[in-house]
Every structure is written in structure tokens, then in C-alpha cells.
Amino acid sequence: MSKAVRDPRRALSAVLALVCCLAGGGLALEHPVSPMLALGAFYVATVMAVWRPGAWLFAVPACLPFLNFAPWTGWLVFEEFDLLLLAVLAAGYFRLARLPRGDTFRRSQPMFFSNAIVGMFASASLLSLARGGLDAGAFTGEVTWSWFQSYGDPLNSLRVFKSLLWATLCIPLLHDALRQSVPQSCKRLAAGMLVGLVVVTLAVLWERAVFPGWFNFTSKYRTTALFWEMHVGGAAIDAYLALATPFVVWALRSARRPWQWGWGALLAVLVTYAGLTTFSRGVYLSMAAPLVLLGLLLWVQKAGLDLRAMALSLWQRRRPNGWRAKGAWILSIALVAEVVGVLNGGSFMASRLTTTERDFGSRMAHWQRGLDLLHDPMDWLVGIGLGRLPSHYARSYPEGEWPGQVAWRAGQGTEPPVMRLSGPDTDDELGGLFAMTQRVSPVPGARYLATVQVRVAAPVGVYLQLCERHLLYPAGCQDAYLALKPKTDPAADPWQRIVVPLRGSNFRGGPWFVPRLGMLSVMVPGAGVHADFRSIGLQSTDRKELVANGNFAQNLAHWFPAARFYFLPWHIDNLYLEVLVERGLLGMVLWGVLMGAALWHLVLGRARRQPLAPYLAASLSGVLLVGLVSSVMDVPRVAFMLFLLAFFALQLGPASLQPESKKINLL
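For the sequence shown, this note's numbering begins at 1 and goes up steadily by one.
Incorrect hints may have been included.
What the hints assert, rightly or not - Distance ranges between label pairs, derived from CB positions:
1) Ser123 - Gln412: 22 to 32 Å
2) Val50 - Ala255: 27 to 37 Å
3) Gln412 - Lys220: 37 to 47 Å
4) Val50 - Arg409: 12 to 22 Å
Said to hold, decoys possible - Derived SDA-like pairs (lysine to any residue); straight-line CA-CA distance at most 25 Å:
5) Lys485 - Asp532
6) Lys544 - Val443
7) Lys544 - Glu399
8) Lys544 - Glu429
9) Lys220 - Lys302
10) Lys220 - Lys487
11) Lys487 - Thr414
12) Lys302 - Val249
13) Lys485 - Glu429
14) Lys487 - Gly537
Everything labelled a hint here was simulated from the structure, so no lab data went into it.
Treat the numbers as computed from the prediction; the structure is a model and nothing was measured.
No residue lacks a Cβ here, since even glycine has one placed at the ideal position from N, Cα and C.
Turn these sequences into a full structure, and let the hints guide you.
Shown next, in the form of C-alpha cells:
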């Protein structure tokens, strides 16, 4: 009998390594743009992670901001970042399966408690995942499997769940890395967060340079960087900046030479610029307030004070002895919680939101509608299901309906594949705020000709628009409007082939190092109508076809849904309500215990003397603050990083008395 079989944990590691390897290879082969390149990159990353087992703590946060190419692939549920994580997990579990017996999963009592909390929350989330899948009809046979499912489909539940799944699977890898070297693991993680911040700030500079301008602070242009998840609004960049900003202070304090400090100072300026150009009060608060906590914790560490000992000493002196005193303590805590809740939910929030798109009353009404989605005791206990909030919200409230929808239908017999694009159900004012888009590179001075094969059952307007556009806001555009009517002869071919020139100003373009991205958009602006597209084409003056998968033979590959200005059904705009509505009271309590345990561990617990502990505490606090006015769990990359940092904190042990190495070995 082999050693792996005699040790069930090593056998499980081997199985997980194989599963992750096969899953990553299978996902890479389904890549819409370049399957073989994705497959090669996946296995190169796997080999690199085997060769340098600790480097993943640097590589994952460093690559997080850019490993998503959704506007080019059309993927919403899956992304290239998943391939990197599967490569890391395959390599990590391969290493764990080969470790000598007894070295693999050594646990202390406090760590067992932390992992128990994670296990309970993961189990509750699995229950919500199953509930979400059932609610979406995943097991009825009525929903066709597709790699391009959207926010109302069953796989959206997996999209929301996968961030917790990946982070939970990383726990044994975190334990192994920390067992090898706590200081190096901490430095790799912090350095990776810094590189990720550099990527985000460079993307912000690029975006603002080619569209509104670096110093144009009057136009209503909200920076999105490379967080394509914001194609339906949301706060992806807000949450990321709140999560990563404390590590800029780490860079400044870790600098050993003036030039290192200078680079850190420049990054601080750029991060501040990125935060300011989001024009979000939530970002301002969540970036600034945790730095106060960070400064306090750093001062406590430097002064050699022990917050836990001080708190225990104070408690011993002021401990209530009788029932009346204990009751007074409980009442005081309840009153303070009530005051904080009123301030956070009332005047304080109102003062922070005076410049947002919706006033505070509208936000409160939005939150109340979200709570009203919980109809029965089971909803309150385990939630309506992961990823189901957008669909339930749009279905339950006329004022929160989808601004448009898209569906792909496979060809049958002589019938070709079809993309059905619909406008809003009832509200004409939402017309034109939802589009199917595709990345196209506009050529300065060129003119364009659009060709569509379309079928309509009633009079429908179709709007075609080619713009220089990063994500949400179009700049210079060329467009055409088609007023379509169904053919009157029932025996005639219902398909209409229309060729139309796009009219508008010439495109400006940009230098090669800061190109202006382009986007072709197709919209059905009318309410209660739809159009079936058999093909969509776009040719420039040289007659070269610019649209990929224009006949929809590859499902909706390369086509990317995008909304503008109206994002109501996609987000509840509150992290805590988001957890409550989709995971129920059970999930919310366990999530609160998980985050509370991580913060306790860093501020008052075993890891309070770790050099990285203040930065991790400030990072987690920043996301919890931005969550007061923003959703977070519906952005898988950022939610994954939140969970990873929390789990890293829970795995940290007491600080070593040995002096730290000043060298950061990233590999």
C-alpha cells in the first residue's frame, strides 16, 4: 500500500490536485478567444507554481487586477483569473500530497477553531448555492448549459460562490506557506498587493488620459480601470482600493533607501488620484478611515503595548459583579449599537451621499425593496440563494426591471443560431440603456458599414453605435438607427438583410502606448419588443470584417452585455444586506463571526504582534466600511481577495522573536 493511501489527507490532496489540473485544462480549452494559448499559459503557471511553491502569494494579488478579459471573451461566469487560481491549487495540492507524513496539516487548537468557523460559513454558503441553483431552475432540465450564462441564469450562483470556494481551497496552501516562513509569506503577499495597486493606478492613468483627461474633474466620468465587472455598475474598484490602500503605507515603512521610499510616495499619490476619480464618498471614507486605525495599531506595536492585556486589565477593574451591573453593561452595548445603527443609516450616511446619483431616500427605498425579497422563514434563515438577488429584484418591482435582456438560441435543422435582444419590459425610459457590445478597434478617419440579418414580429427600432469607449461612457461615435417592420407576406422569408452606413464624426484614435478602446453596441430601445439577429457585421473602408462570431455560431462568444447609467437591479448597494438577502441570517451571522474573528486575531489575538497585522486589519476594515454603501460579494475577484486576506489573518500565529530578514524573496 502506498504512503498516499495510508494517509487519507495526502490522498485527498492528490485527488484535489488532479481535479484542479483537469478542471483548469478543460476551462482553458473552452476559452472563447485562444484556447491553446490559455491551455499553454495554464500549464506553464502550474509548473511555475510547483517549481516555486511560495511565489503564488505574490503572483495571485499581483495578477488579480488584469486577469479578466470579459469584453473580448464574452465570459461573465468564468474568467482568466480562475485559470491562475486552478493552476496554483493544482500545484499546491500536488506539493501537499508529496510532503512527508505529519508535515501536511499540522493544526493547533486556535487554528482548529478558526478553520471550524470557515467550515461552517462555507457549509452555509453551499446550502445557499444549492438553493440558488434550484430557484434558477438548474435541475429542472429547462435551462440549457452555456458558458455564457448571465446574471439571471443558474450559473450566476456559482459565479458568486466561487470566490469563497477558491479562498477556502487555498487554506491548506496558506498553512504550508506560513509553516515554511511567516516573514517571507507576509512580504510576498504585501508585495503582490503593491504590484496589483501599480497595475490599477496605471490603468486609471491610461483610461483618464485618453477619455476625460487627467485634470478634467468636471465631467461625470467615473473611473473603472480594468474592473470590467462594472459593466453593470457596482463598486469593484471602490472595494479593491479600500482593500489594497493600507499596503502603500507598508511600502513606505519598509523602504530602506530613499529611492524606494520615493517610489512608494509616488504610488501613494497615484492611489489617491485613483480614489478621487471614482467620485464616490464611500471610497473616500473607506480609504481614509482605516489609515487612522492603521496608524494607531502601528503606534501600539512600536510602543510595545499589549492591547489585549490592557483590555483585560480594564475589564478586571471594571467588571460588573451583580446582575444589575451586568444588565447595565448589556443595555449600554445595545444603546450604543442602536445609536451607531441610526447614525450609519441616517444623517451620517445622508451627509456622505449628497453628491451621489440617488438621494438617501431612494437608497433607503432600494434597501427596503431588497429586504422585502425575503418572504418566508426559510428565506430569512438561508436566503433566497446565491446570485439570485438581481433576478428576484427585477421580477418583483416594476421600477427595478431589467433595461434589456439577451438570449441565444441554437439552430435547429435549417434554422440558424439566433441572438434575441430585448428592450425593457414596460418602461420606455430605460430604452437604450442596455446593449450587446463587442470590442472593435476604430481607425482614425475611417468610415464604417454595418450589415445585419434580422427578424422582427412587430415594429422595432434597432440602434447601432460604434464608439471610442473604455467601458461605461462613450466618446466620439458613429451610429445608425433602423426602423424595422415585419414582412406582411407570411410565406416570405422573415429575415431581412440590411446594409447601412454609420454616420458621425471621425475617430481620434490615440498613440500606441495609450490607445482609445472601441466598442460596437447593438440596442433595442423600445419597451416590450425584441429582435432576432441571425448575423451582425461591420466593415471599414477596406471592406475588412471587424466583428468576430457575427453569425453566433459560437454562442455569445466575443459579445459582452453592458448597461449605462441605470444599474438598479444588479446591486443592493450594501454588503451586509447582500449577505443577508442571498445567504440568510445563518450566513450573515457566520460571515460576521468570520470577519470578527479575523479582526480580533489581528488586533487583540495571537497575531497582534505580527508586523503585517496592522495592515491586514486596516485592509479588512476598509472593505467593511465601503460595504456600508456598496455591494462586494458580486465581484468575484475582489471578494476572493477579501476572503484570502481574512483566512491569511486567521492562519497567522504569534510573532517570532527572531529578527526578520530584510530581503524579500518573491520566488
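query = For which of the previously enumerated hints does the structure constitute a violation, in increasing order of number?
reply = 1, 4, 7, 8, 9 and 10
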